[in-house]
Structure formats: structure tokens, C-alpha cells
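With UniProt numbering, the residue at position 175 of the sequence shown is 175, and numbering never jumps.
Calculated from the structure, these hints are not laboratory results. Some clues are possibly wrong.
What the hints assert, rightly or not - Below, in silico cross-link-like pairs of lysine to any residue (SDA-like), each with a Cα-Cα straight-line distance of 25 Å or less: (1) Lys-258 - Ser-97; (2) Lys-261 - Ser-168; (3) Lys-264 - Asn-165; (4) Lys-143 - Leu-265; (5) Lys-208 - Phe-162; (6) Lys-221 - Phe-162; (7) Lys-109 - Gly-142.
Unchecked claim - Per label pair, the in silico range of CB-to-CB distance: (8) Cys-75 - Arg-138: 41 to 47 Å; (9) Leu-207 - Ile-87: 18 to 24 Å; (10) Ile-263 - Asn-114: 39 to 45 Å; (11) Val-226 - Lys-264: 25 to 31 Å; (12) Leu-84 - Asp-152: 34 to 40 Å; (13) Val-80 - Trp-262: 29 to 35 Å; (14) Leu-83 - Asp-161: 27 to 33 Å; (15) Leu-83 - Ile-185: 21 to 27 Å; (16) Arg-193 - Val-74: 57 to 63 Å.
Cβ atoms here follow ideal geometry from the backbone N, Cα and C, with glycine treated the same way.
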Amino acid sequence: MDQKRPTIAGDEEMAAEKPLQPALQKPPGFRDQQNQPSAPPSGTATLPRRRPRPIHPADKKRRCSFCRVFCCCVCILFAVILLLILIAVAVFFLWYSPKLPVVRLASFKISNFNFSDGKSDDGWSFLSADTTSVLDFRNPNGKLTFYYGDTDVAVILGEKDFETNLESTKVKGFIEKPGNRTAVIVPTTVRKRQVDDPTAKRLQVELKSKKLLVTVTAKTKVGLAVGSRKIVTVGVSLRCGGVILQTLDSKMAQCTIKMLKWIKLRS
1 MDQKRPTIAG DEEMAAEKPL QPALQKPPGF RDQQNQPSAP PSGTATLPRR RPRPIHPADK
61 KRRCSFCRVF CCCVCILFAV ILLLILIAVA VFFLWYSPKL PVVRLASFKI SNFNFSDGKS
121 DDGWSFLSAD TTSVLDFRNP NGKLTFYYGD TDVAVILGEK DFETNLESTK VKGFIEKPGN
181 RTAVIVPTTV RKRQVDDPTA KRLQVELKSK KLLVTVTAKT KVGLAVGSRK IVTVGVSLRC
241 GGVILQTLDS KMAQCTIKML KWIKLRS
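Sequences are here, hints too, so could you generate the full structure?
Have a look at this one:
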């Protein structure tokens, strides 16, 4: 028997007769677990990403040109300032011809020099002494004035292992006008300075033979001025002498000027 095959028209009629099922609506608050995106880890917040602004070649050229112009301006300004300073210094040296002050240890006298024994067999003695140093300052400049601040002057007797420091003395500052010469008298007094016995014996022997080495040091501030206007002030250290008493009786001892902690000059 032949089976009846459904025709296309019959299929369409049957499909039309079947009612269409309405789509299910999702209730409020429903979340699809399968299609839901993965949540960020706790404690972090996702921020919207901004697309980077493209840098055009014209912007790069403008920035480079601005940097070059700025660097050139700074270099030119620095070179101009340096040139002006060099010109001012050159004019100053040509016009005033500045010279260093001349400082000498003119004389050194000991009016009292005694040792008193300490405790028996302790190996120490006590020095009491009165000395007078004369420092000679001279200004060789014809147009410049030197201003000296308060000066701390110390006296050192002996050398190497037998070197003994006496008390320091403060001397008031003074002004030295162009071409002037000033003698500064520095009295020094020491009482009961503890000295070991070998040093005490050595100092006494050298004092009697006038072979005692004498050194005078000083720390002060020196200002250079044109007329009454100060130009610059710098701290200096003086070291005078390093010669024996016999030499000081016939001539003055030179001094070394040290400034800025590394410049040493003979005055």
C-alpha cells in the first residue's frame, strides 16, 4: 500500500493551526550565571579606560624646539654673567693692583719661665711663664684698606715631641689704611701648665742657650675695602716664626697666610 506523503501546503496549514508559545519574560533582578561577566576581585574598583591621546609629529617637534631654545637662553645668560664677572675682576686688578698684607713676627720676649715640681716621682712639672710677642702688620697697597677682626693668638714653644702650647690671647680688631704699618703687642700668661719632666728639662736647656723654637699662630678675619666700603671678608690663619730665639734677636720671622682651608701664601 502506498503511504500518503504530506504536501507542502498541508504542512503550512498544520503549522498555522498550532498556537505560538509566548517567550518567557525574565523576572526583575534575574541574572544569567552563564553569560554574566567575571566580577573583579574584592577591594578593587574598575575604572573606565581612557584611550591614549595620539602624539602627532608636530607636537614632538614643538617640544624639542622649545627645550633647545630654553637651553640656549640659559647658556647664553650664564656666559654673559661669567664674562661680566671676569671683566669686573680684570678692571679691579688693573686699577688697584691688590697685594697681600705683609705680616712678620718682629720680636719675642720671655720675662718669666719657671717650673715647679709636682708630686714626688709622678713625672710631671708645672710651667708658669710670661711672654710678649710683637706682630708687625704692613699694608703695601696704595688705594685699598685692610680691616682686621678680633684675633686669637697662641704661642707654641719647642718642636716635635717637646712642643708645648701656651695660653691663647684675644686681640681686638683694627683698621690698616693704605701704606700704613701697625705693631700688635700680644702678651701671653700661663700658670701651672702641666708638662712632663723630659719636656721641662729640654725647654729649660734650650731657653738658656737661646735655641728654643718659637711659633706664633693667629686666627682672624680680614676684610678688603675701597675707601670706607668693604668689598670682601675672608677668614685667614697665620703661622709665624718656627725659628729659634737667637734668630729673632737679629731679624724678623716670616709668616704664612692660609685661607679657604687649602690656599697657603707667604706674606
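Here's how the hints hold up against the structure:
1. Lys-258 - Ser-97: This hinted pair holds, its Cα atoms lying about 21 Å apart.
2. Lys-261 - Ser-168: 21 Å, holds
3. Lys-264 - Asn-165: 23 Å, holds
4. Lys-143 - Leu-265: 22 Å, holds
5. Lys-208 - Phe-162: Roughly 16 Å between the alpha carbons, so the hint for Lys-208 and Phe-162 holds.
6. Lys-221 - Phe-162: 31 Å, violated
7. Lys-109 - Gly-142: Distance ~33 Å between Lys-109 and Gly-142 Cα, so the pair is violated.
8. Cys-75 - Arg-138: 41 to 47 Å: Distance hint for Cys-75, Arg-138 holds at roughly 45 Å.
9. Leu-207 - Ile-87: 18 to 24 Å: 56 Å, violated
10. Ile-263 - Asn-114: 39 to 45 Å: At 41 Å between Cβs, range holds.
11. Val-226 - Lys-264: 25 to 31 Å: 26 Å, holds
12. Leu-84 - Asp-152: 34 to 40 Å: 38 Å, holds
13. Val-80 - Trp-262: 29 to 35 Å: For Trp-262 against Val-80, whose Cβ atoms are near 30 Å apart, the range 29 to 35 Å holds.
14. Leu-83 - Asp-161: 27 to 33 Å: For Asp-161 against Leu-83, whose Cβ atoms are near 55 Å apart, the range 27 to 33 Å is violated.
15. Leu-83 - Ile-185: 21 to 27 Å: 48 Å, violated
16. Arg-193 - Val-74: 57 to 63 Å: Given range 57 to 63 Å: holds, Cβ gap about 60 Å.
When held up to the earlier numbered hints, the structure conflicts with 6, 7, 9, 14, 15 and fits the remainder.
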